[in-house]
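Knowing the structure of chain A, use the given hints to seat chains B, C, D, E and F with the ligands on it.
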Amino acid sequence: MCVGIPFKLIERHNEEGIGELDGVQRKLALQLVPGAQVGDYLLVHAGCALQIIDQTAAMETLEAFRAISDEIR
Amino acid sequence: MCVGIPFKLIERHNEEGIGELDGVQRKLALQLVPGAQVGDYLLVHAGCALQIIDQTAAMETLEAFRAISDEIR
Amino acid sequence: MRFVDEFRSPALAALLSARLQRLAGQPLTVMEFCGTHTMAIARYGLRTVLPPRFRLISGPGCPVCVTPPGYIDAAADLSRNKAVIVATFGDMLRIPGTEGSLLQARSAGRDIRIVYSPLDAVRLAQDNPCKHIVFLGVGFEATAPVIGLTILEAARLGLNNYSVFSALKLVTPVLHLLTAGRKLQGLLCPGHIAVVTGLAPFRLAAEQANLPAVVAGFELLDILQAFIILDRLAEQGRPELINQYPRVVRAEGNAAARAVLRRVFYPEASWWRGLGRIAQAGLAIRKEYCRYDAGKIFGLPAITDTETAGCYCSDILTGRKTPPECVLFKTKCTPEQPQGACMVSGEGACSAYYRYG
Amino acid sequence: MRFVDEFRSPALAALLSARLQRLAGQPLTVMEFCGTHTMAIARYGLRTVLPPRFRLISGPGCPVCVTPPGYIDAAADLSRNKAVIVATFGDMLRIPGTEGSLLQARSAGRDIRIVYSPLDAVRLAQDNPCKHIVFLGVGFEATAPVIGLTILEAARLGLNNYSVFSALKLVTPVLHLLTAGRKLQGLLCPGHIAVVTGLAPFRLAAEQANLPAVVAGFELLDILQAFIILDRLAEQGRPELINQYPRVVRAEGNAAARAVLRRVFYPEASWWRGLGRIAQAGLAIRKEYCRYDAGKIFGLPAITDTETAGCYCSDILTGRKTPPECVLFKTKCTPEQPQGACMVSGEGACSAYYRYG
Amino acid sequence: METISLEHGSGGLLTARLVQDLVYQYFDNEYLLEAHDSACLPAPAGRLAFTTDSYVVNPLFFPGGNIGKLAVCGTVNDLSMSGARPLYLSCGLIIEAGLPASTLEAVLAAMAEAAREAGVFIVTGDTKVVESGAADKLFIHTAGIGEVAPQTDISGKKALPGDIVIASGSLGDHGLAILLKRHHLQLSSAVRSDCQPLNGLVQSMLEACPDIRVLRDPTRGGAATALNEIAGQSQVGIELYEEQVPVGREVRAACEVLGLDPLYLANEGKLLAVVPAAAAAAIVAVMRSHPAGLDGAVIGRIINQPPGRVFMRTLTGGRRIVDMMTGDPLPRIC
Amino acid sequence: METISLEHGSGGLLTARLVQDLVYQYFDNEYLLEAHDSACLPAPAGRLAFTTDSYVVNPLFFPGGNIGKLAVCGTVNDLSMSGARPLYLSCGLIIEAGLPASTLEAVLAAMAEAAREAGVFIVTGDTKVVESGAADKLFIHTAGIGEVAPQTDISGKKALPGDIVIASGSLGDHGLAILLKRHHLQLSSAVRSDCQPLNGLVQSMLEACPDIRVLRDPTRGGAATALNEIAGQSQVGIELYEEQVPVGREVRAACEVLGLDPLYLANEGKLLAVVPAAAAAAIVAVMRSHPAGLDGAVIGRIINQPPGRVFMRTLTGGRRIVDMMTGDPLPRIC
Ligand code: SF4
Ligand code: SF4
Ligand SMILES: [Mg+2]
Ligand SMILES: [Mg+2]
Ligand SMILES: [Mg+2]
Ligand SMILES: [Mg+2]
Ligand SMILES: [Mg+2]
Ligand SMILES: [Mg+2]
Ligand SMILES: [Mg+2]
Ligand SMILES: [Mg+2]
Ligand SMILES: [Mg+2]
Ligand SMILES: [Mg+2]
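Chains as they are written, first to last, in UniProt numbering: chain A, 1 to 73; chain B, 1 to 73; chain C, 1 to 357; chain D, 1 to 357; chain E, 1 to 334; chain F, 1 to 334.
It is worth saying that the hints were derived from the structure and are not from the lab. Beta carbons are placed, not taken as given, at the ideal position from N, Cα and C, and that holds for glycine. Keep in mind that the hints are not guaranteed to be accurate.
[Said to hold, decoys possible] Here are the simulated SDA-like pairs of lysine to any residue, each with C-alpha atoms no more than 25 Å apart in a straight line:
1) A:Lys27 with F:Lys181
2) F:Lys137 with C:Asp111
3) A:Lys27 with F:Phe61
4) B:Lys27 with E:Lys181
[Stated by the list, open to error] Reference listing, derived: stretches of chain E covered by chain D, where coverage requires no fewer than 3 residues with Cβ under 8 Å from a Cβ of chain D:
5) 282-293
6) 306-315
The shape of chain A in the complex, shown without the other chains:
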């Protein structure tokens, strides 16, 4: 329903920031992610960050993939 892309926050000025993905940069609205800090990865939709990506959770998901695949090795 909504294309959402992980941008890395490389600059923050109050409620506006600059996100970067593979050399592509874009101004981001940060009002909805008050805690975001430079270096965080943000889920961005329509130029607005909707969430801070949780690295630990992401690791766990990747682990789960590996676990499933290990099951069938």
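Frame of chain A, contents of chains B, C, D, E and F with the ligands only:
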């Protein structure tokens, strides 16, 4: 100062007429030549007839040319 | 970690799909509510990878394809006004109204601009003080807060030349309509909606339908894993909701985003192309912000749906039919001349079937 | 008789010019007041045919070239108004204002239309009820009645979207300025002005200048004959006015045309490019018709002249110099980049010299 | 497809349909139907002539033709003016979105017919559609290839004093037909554009006299400009005889009314030739027996001095300079 | 001359000045300077290739090039895709009145430079100026002539099952660079148009393997459309391998953000080739040693069934249809 062209009046409707010159036709304003009749030649400037051409006078002018040229033959 | 390629690893994908192949369970008919899932499934060719016992049926797709043609007509009319610049997502341009698309209106010389972010439309208003910018507000729970922000931003900047023409929709109140009376064994729920709403509405939908459900991400591995989880839940007879996408979906969603929604909008009945009028399934702009409401400012007509004769869209949107069952599919109805909601956007079920087979 | 070819007969022309060649009289410097005569003389190559004792000097040319650049500027400004269509004779398009010509304004997208007749501009007003048509009223005694008629016609039709921006000029009050203090032996007077005015003003000019004068037509034979007559009058020492052009010029002129002039306009001082302000030498629109006066409606500035440094125009317009005597001629001043009145129109003395040598 | 939309130019499916349903219907030769990036053509004998023109005429349709006919004839004629036998044309279309498909079709039909008449093939093309307001309805661009026989050597530099200047017919018809249509001058006349291919005429002229010096089609800028170009390139003078310059009765009349000079009006189916004096009579005779040169006439001669100048010997035996044109001709009342 | 005005296009003196002062300054070869109605060119050996394109790109200047460079490269490339050696170009300009002369000059300079790089001559041209509002700043039309060696036989109809599909480098750069400039999407990136002439690359490929079956430059409509055309013309299927399709890191990222598929984005300096399987490795090696083909790669193969269809073998081993494009790619957020 003012390009003036002899059109032949081929139609008249009140103060408007159609003039013709060598196959070129144009609507003419006739307010300034109240006496103009179909068949008359009119001196036209900017789409408006300024005068009815006097055929007799024209003949006389042509005659004058011939007279001058005869003088030198 | 960059949160993209890691979730697309072909090697892991091969292993996960091998796993799906090996599991010899019951037939599993899954509805994906979300057009972005539909597109991702098509793009990765997953239909040809999943074992035949997995049957996928598509839900309402995207906010663009459920926008009634009357809305497009009204927007096209608005663009005739030389003092108006219509700003919109690119998605909206090809959708046919009853008298052509906005792309046609633009190619006829109207000033219709594509923006990536609604906030860019506010910027457009700042840069064009002698024009009035109308943003075409379409979207679901994920997009609506961003559009809400534009109104707050315009108010903060004191702009009087920016407004939103809202066709915003809420998808969570619609879920029960889509599952009611269907033979389903699982639900694939849209992760990017859940980012805002949290898990509760999807848990409710799973309970009401008494079905296993997964809130899933959109990368290749996310979707494959979601199918494995759905299969396992179905096998174990557990009509639960699992969050496959915890890296962005928190149980409680995004409270700041929902606060923006509450501040700027209120829920209202809304016409969905192919589904008709649905109570509480749209968002209208609150009276406090009526000076940013293009519908009010320009006296735009209330939008209702009209159906195209022969189009099965409502059946497809409610998961009762698949696109190839429609007699118009690929004959009278093509991406260039779409007849119904499901063909209009690249994300619509008919369009995805058409393009990716 | 068709009143064209008969008066261009090459055979008769050859005889008449042979006659001119043979007459071995005094040097005869003749001023032609009229640009149309200038053009005809150039076009027929008469300068190379007439014996050297005939010297021709050019008068003010045409109403277009004596229009000050400020008028063009005002018209160009007017054309910025999107509600306005500027209608004009083609002659006006290439004349430079201080910031470019109307042709440049048109090529920048302004709505500037060429009409053959001012009455076509009235028609344009009827056909474009949502636009205001401003006709650029330039012309001398022959053109002014036609433009007067458009105002009467607009009034008759009850149009409220037609007006005239008058830079109309009267040439007859200027004649004595052109001849004053000049070494002339004859005057070639403009037949098409006399059609309206009758012979009286030209007779007066001839008397004041104590010179032979001929009111002449514009065909080849007309002009040759006029020279023969002037030569004869000069030889006989008769400072009289002869009407060579009786087929259209009546002694009394055209009373109906003069009645239109009196009804719509009144004489006023006027700025002539290169000549400065001349009392009674312009026509302003009467108060009764002020609703057709674009100057009043749009509050246009009063037009005054500005001179280009180095341009000899005033000397050329008053017959004191010929174009090749100007240092700018053919160097800085060309038909593409005219510096002065005499180069701006194809009829101007410098332009005629430039094109036809 | 009632009107052409942006999609028809985006290189995808609709472009393919436009080309197949409309273009191929009219331009149906084996080379074009290969539909490659380039047309692949048999090697011509002799040297190549190569030319191009853009056609932006407004209005698209005018008495005697339309932009499509013009786009074929103009390029065929430019090839012919090098003494080449025109063989192949390319066709690039820039269409303003919203153009009625029927308009495009009428234009393509006219192109096809003109190509048939001239015996050339339209072998490669391109279609772009731009937003409404980004172009004026339709622009056409053609380029053309012809082959030049070994013995032929035509050039604007070859006019020699003593040579004769010939016009293939009446001057100014095209320019006047367009002018009358464009400015709503409310003059009605039967003047039609002379738009026609001249390659047949040129071939018969070359057969009669292989050493024609110069050929030129007096298009924009008219005969005056074309002759000035020749005078400049050959560094000779040119003298025209006013009474011999062919101008149609109606064109002459309309020019009188509008204060125009037919020498500055564009032609699209006429040529000017500079030929050795000895061959002039024979060439005129050949021209007059060809449908495109019925009114062919000697109009002047090449003189020594001053180089680069064109003169008119007038009816009176006087002489005036005929300069290059500055800007498009505009009607005058003064 | 600060801006171009209508007078510069009217065929008279100002047109002559524009051509002499500006055009000839940049395009200064012996053929053009003859200034005839047509350029007269030496007879080429072998068959002729002839192609044309109109260039209407907006904006005129973009990262990696401008409309002038594009107009030369595009036509050089279309000739090259027939296996021809490009020789001569024509250049037609349609200029909107008011265009700064400096803009035109920058474009002409880019054309001259690209022509030099490609080793072709711009030998004939035409300039039209239209009123402000009647065109979008500047349109360029080029046509090109090339010569095709006797042994070369390239055609969209020649792909055979078993053949290999090669791309000369990353896809989508040009289309994306333009899209980002056009729609003010506020995405910044270092993506540049790939605009470059491909004739050198093609010549070295042909030397390595004279029986290359098909060459195509995937311009408007992108690789997807070009491959669908080949599949249709050859009546074969095409299967692509997703992980082998070269797409630049930034282009891929921008496509993710904007919901676009790089297969549908235009390229202006890339080619697709269908080659016999036996020669594929050698050709790729040759390509990679040429500056225009450094990222050359096998991207797929020709299959039997179903004719006219292009498939993508995805990362999962799944398969999806790659259809022709409908309309220009537009950014999506849904
Ligand atoms: S194919 Fe078209 S008509 Fe049929 S259901 Fe889908 S959108 Fe409706
Ligand atoms: S040549 Fe030019 S500057 Fe000199 S007098 Fe004539 S108009 Fe004035
Ligand atoms: Mg608008
Ligand atoms: Mg205006
Ligand atoms: Mg190509
Ligand atoms: Mg040409
Ligand atoms: Mg030409
Ligand atoms: Mg030519
Ligand atoms: Mg093309
Ligand atoms: Mg091409
Ligand atoms: Mg091409
Ligand atoms: Mg040309």
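Check your understanding: Is the straight-line distance between the alpha-carbon of A:Lys27 and that of F:Lys181 25 Å or less?
Key -> At roughly 16 Å apart (the allowed maximum being 25 Å), F:Lys181 and A:Lys27 satisfy the hint.
Review point. Under a C-beta cut-off of less than 8 Å, do 3 or more residues of the region 306-315 of chain E approach chain D closely enough to confirm the stated coverage?
Key: holds (count 4)
Check your understanding: Is F:Lys137 close enough to C:Asp111, meaning Cα to Cα at most 25 Å?
Key -> The hint holds at about 18 Å.
**Study point:** 25 Å limit on alpha-carbon distance, applied to hinted pair B:Lys27 and E:Lys181
**Key:** holds, 16 Å
Review point. For the region 282-293 of chain E, do at least 3 residues have a Cβ located nearer than 8 Å to some Cβ of chain D?
Key: Result for this restraint: violated, n = 0.
Point to revise | Proposed proximity, F:Phe61 with A:Lys27 (alpha carbon, max 25 Å) | key: Roughly 24 Å between the alpha carbons, so the hint for A:Lys27 and F:Phe61 holds.
Comparing the model with each numbered hint stated earlier shows that hint 5 is the single one that does not hold.
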